[in-house]
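Sequence lines, in order, name chains A and B.
Heads up: the first sequence runs through residues 638 to 746, numbered per the working numbering.
Heads up: the second sequence runs through residues 900 to 1010, numbered per the working numbering.
One should not assume that every hint holds.
[Said to hold, decoys possible] Okay, derived cross-link-like pairs now, SDA-like style, lysine to any residue, Cα gap no bigger than 20 Å in a straight line:
id, chain 1, residue 1, chain 2, residue 2
1, A, K678, B, N951
2, A, K678, B, V943
3, B, K997, A, T694
4, B, K1009, B, A981
5, B, K925, A, K651
6, B, K997, A, L746
7, A, K678, B, S957
8, A, K678, B, A909
9, A, K651, A, T712
10, B, K997, A, K651
11, B, K997, A, L683
12, A, K678, B, R949
[Stated by the list, open to error] Simulated coverage check for chain B against chain A, where a stretch passes if three residues somewhere in it have a Cβ under 8 Å from a Cβ of chain A:
id, segment
13, 918–925
14, 966–978
The set of hints was computed from the structure by calculation and includes no laboratory data.
Since the structure is predicted, the reported quantities are computational estimates derived from the model, not experimental observations.
Backbone N, C-alpha and C fix where the C-beta goes; we use that ideal spot for every residue, glycine too.
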Amino acid sequence: GAVVSQHPSRVICKSGTSVKIECRSLDFQATTMFWYRQFPKQSLMLMATSNEGSKATYEQGVEKDKFLINHASLTLSTLTVTSAHPEDSSFYICSVEQFFGPGTRLTVL
Amino acid sequence: SQQGEEDPQALSIQEGENATMNCSYKTSINNLQWYRQNSGRGLVHLILIRSNEREKHSGRLRVTLDTSKKSSSLLITASRAADTASYFCATFPSPGGKLIFGQGTELSVKP
């Protein structure tokens, strides 16, 4: 199955800054990747579907201008949390097919 | 939106005992998958069962699927302390669609 990596694994930033999270498919060319968010003690919530070469598809209630997704190649999708606020602090996980990355812990101070 | 409901939400057992977790869902599915998540980590794919399958085994794991009841169960036999984790079911609805996760069961196996 696909091997998925994420970078960084952990990031702490100040309120108002933007943070970029990378998701890489190491051994599989992925036309589609998925981004999830997970709050403590909760399940994963799908945020958006990242489509290579076209716009991402966002789930209801997810602000596309706040969570910018770029899927520039078949092996890389990026999620940028713009003007991050403390309520954006969460665990962000990407997936390729049924395989998940290790996640990125975002803490916004 | 979440499709799956899992029960129990939390389960605490002794090492060596079996652990059973249940998952119910609402719409028709193409397949159902079970994942494990250790605290603060990513998800590990455990097993996939297709809608035309009723039971599947993988090592100490046994998964059943009852599409008439829209439910699935995950049985871990002879549990170990290392099995301590959260377990999630995820459905892949048909036709097409995206993985939708249940609420998860937090399993604690005491040595």
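Structure-based check of each hint:
no. : hint             : verdict
1   : A:K678 / B:N951  : violated, 32 Å
2   : A:K678 / B:V943  : holds, 17 Å
3   : B:K997 / A:T694  : holds, 11 Å
4   : B:K1009 / B:A981 : holds, 9 Å
5   : B:K925 / A:K651  : violated, 41 Å
6   : B:K997 / A:L746  : violated, 32 Å
7   : A:K678 / B:S957  : violated, 27 Å
8   : A:K678 / B:A909  : holds, 11 Å
9   : A:K651 / A:T712  : violated, 29 Å
10  : B:K997 / A:K651  : violated, 33 Å
11  : B:K997 / A:L683  : holds, 8 Å
12  : A:K678 / B:R949  : violated, 28 Å
13  : 918–925          : violated (count 0)
14  : 966–978          : violated (count 0)
Violated hints, in rising order: 1, 5, 6, 7, 9, 10, 12, 13, 14; the structure is consistent with all others.
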